[in-house]
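Novice: Chains as they are written, first to last, in the numbering used here: chain A, 2 to 315; chain B, 2 to 315.
Hints in this document: simulated from the structure, not taken from any laboratory. Incorrect hints may have been included.
Remember, identical chains collapse to one label, so a pair may be satisfied in a single copy or spanning two.
Said to hold, decoys possible - Under the rule of at most 30 Å between Cα atoms (straight-line distance), these lysine-lysine pairs were calculated in the DSS-like manner:
1) Lys124 <-> Lys297
2) Lys110 <-> Lys34
3) Lys140 <-> Lys298
4) Lys18 <-> Lys312
5) Lys220 <-> Lys16
6) Lys110 <-> Lys193
7) Lys34 <-> Lys109
8) Lys193 <-> Lys312
9) Lys297 <-> Lys68
Now for the letters of each chain:
Protein chains: 2
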Amino acid sequence: MHLPTLSDIQSAHKKIKPFIHRTPVLTSQQLNKIFSCELFFKCENFQRVGAFKFRGATNAVLSLSEKEKKNGVVTHSSGNHAAALSLAAGMNGVKAYIVMPETAPSVKKNAVAGYGAEITFCKPTLQSREDTTRLIMGKTGATLVHPYDNYNVICGQGTAAIELLEECNDLDIIVAPIGGGGLMSGTATAVKGTDGRILVIGAEPLNANDAYISFTTGKLTPSVNPLTIADGLLTSLSELTFSIITKSVDRIITAREDSIIECMLLVWERMKIIIEPSSATVLAVIRENPDFFRGKKTGLIITGGNVDFRKLPF
Amino acid sequence: MHLPTLSDIQSAHKKIKPFIHRTPVLTSQQLNKIFSCELFFKCENFQRVGAFKFRGATNAVLSLSEKEKKNGVVTHSSGNHAAALSLAAGMNGVKAYIVMPETAPSVKKNAVAGYGAEITFCKPTLQSREDTTRLIMGKTGATLVHPYDNYNVICGQGTAAIELLEECNDLDIIVAPIGGGGLMSGTATAVKGTDGRILVIGAEPLNANDAYISFTTGKLTPSVNPLTIADGLLTSLSELTFSIITKSVDRIITAREDSIIECMLLVWERMKIIIEPSSATVLAVIRENPDFFRGKKTGLIITGGNVDFRKLPF
């Protein structure tokens with residue numbers, strides 16, 4: 002299996018730069034005090050569509066051949082990847098087909114439709130999603146852009162770490178959340194390629210700990226019906242992301258639901274920025290392991306800020 | 002009555018600069034599109050204690066004589082001014098006495114206590130607050146730092162506009178919210194002193210429109226039991242702020258509660274930053290008057306980001 006390299010991620014960065022926002026790296030003296038370490042938040046909640054997913058989606062779209070561009074792209078997702086692919090495709094004159102469970106919240110349906118994508122609804126099962134996607138591929142010739150099991154997507158996601166390292170060149174640790182492992186794979190590849198001494202930590206909800214189990218047992222083990230407030234981290238690793246993570250991640254640490262919620266509230270209250278529960282998972286890992294992180298310069302990938310304000314956990 | 006000048010505000014800025022955060026001026030292509038104008042958000046929600054009030058409080062503390070510093074400062078407030086004065090005093094080795102209604106939310110009590118201030122509780126009436134404050138002044142010799150009816154506080158608040166103008170030198174309009182008028186007075190003085198052609202607009206909740214009535218009738222008319230979600234704007238103008246506003250503000254425009262709530266949600270959703278309802282009032286004024294603002298480069302003072310997340314209006 003061909004794994005991405007730092008140079009692939011650097012090429013992706015050069016390609017997507019004109020389309021993405023250069024998001025800020027924020028700090029908070031209050032949070033540094035609370036957690037007894039120096040935190041550097043790479044704020045992808047300020048990325049287009051409110052999530053890092055726009056990086057990977059843009060790289061995937063820009064990596065299509067001219068012929069592929071004519072046939073469009075397709076994915077099944079109700080979350081940030083759907084919005085990201087819709088916008089990335091739209092900005093480049095490429096048609097996007099999005100398969101969504103009919104149960105998806107209307108705010109997400111509206112966002113995707115607003116970016117000009119064509120939505121096809123399916124039953125809320127993996128089987129129905131995959132069948133519907135294959136149907137569209139057969140009919141249109143569209144290229145599947147998987148949310149994370151995709152080489153170009155992984156390279157795009159790694160560009161957030163490139164920017165973080167450009168601004169903070171003396172980090173001890175970088176923590177990113179793990180869902181399907183796309184961001185984690187890109188981050189680990191970028192960081193280890195740049196400086197092998199920086200520890201790369203994956204943060205995962207205890208209630209969706211397939212990556213933790215796969216990583217510690219050495220055997221890819223998908224989650225069965227995971228339930229966590231970190232709704233961006235419900236997915237399981239693929240063969241590709243598992244390979245990269247096994248090779249380049251130093252440790253995976255899980256976080257409890259109460260920590261995730263508390264850390265989300267803490268960031269809202271102290272930093273006055275909106276982060277989604279998946280992003281709070283990285284801080285929750287630090288909160289639960291104070292000895293490990295004490296005094297360390299720690300970079301955190303804040304993945305996004307798309308939250309349903311009518312369903313808050315506090 | 003001696004009114005502040007641009008030069009007073011510039012001096013205040015020089016004095017408080019080492020203590021305050023230089024807050025960012027943010028923009029949003031999405032909001033520009035929605036409102037058909039170019040918006041520049043001066044984000045005082047990222048100021049220390051989460052509000053512009055830290056500017057005025059710091060200037061007041063730094064303007065004390067050495068003897069006054071020894072006796073401390075006192076104010077009655079349950080809101081951002083109390084936290085701001087507590088921190089500004091603490092950072093400068095000055096004792097702060099804060100009079101608070103016993104009904105104040107515990108999060109606000111804790112914040113003030115956390116900054117090292119001494120809290121005295123009173124009944125939730127103006128009479129009780131003023132009596133308790135006088136009692137403390139008599140006992141300790143502390144200097145009263147009124148939240149807005151104070152020359153040095155007004156000069157401090159005006160420094161946010163100075164920074165906004167430094168970064169955006171071709172604005173057509175600047176909008177700030179009006180409560181007691183401290184921020185509005187400082188803003189108007191700074192803006193008109195710098196460039197008389199920039200329109201200065203005050204934004205006020207329709208449900209607490211004492212400044213609008215006072216401004217349009219020419220007669221200072223305090224609110225009676227105003228009720229608005231913009232809890233930072235419940236206070237009424239003083240003689241001092243009324244004089245400055247009459248002289249330097251071009252227009253006061255009111256906003257409905259539903260607009261304020263909608264604009265707060267809009268900023269949270271699109272910009273991923275937390276602003277309090279008082280700050281949303283400036284955007285609500287733009288929302289309700291599209292013809293007036295269309296195509297204009299408009300600066301908005303975003304006053305703060307202190308919100309009780311357990312009592313959201315949506």
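Novice: Among the hints numbered above, which are violated by the structure, and what are their numbers in rising order?
Specialist: 1, 3, 4, 5, 6, 8 and 9
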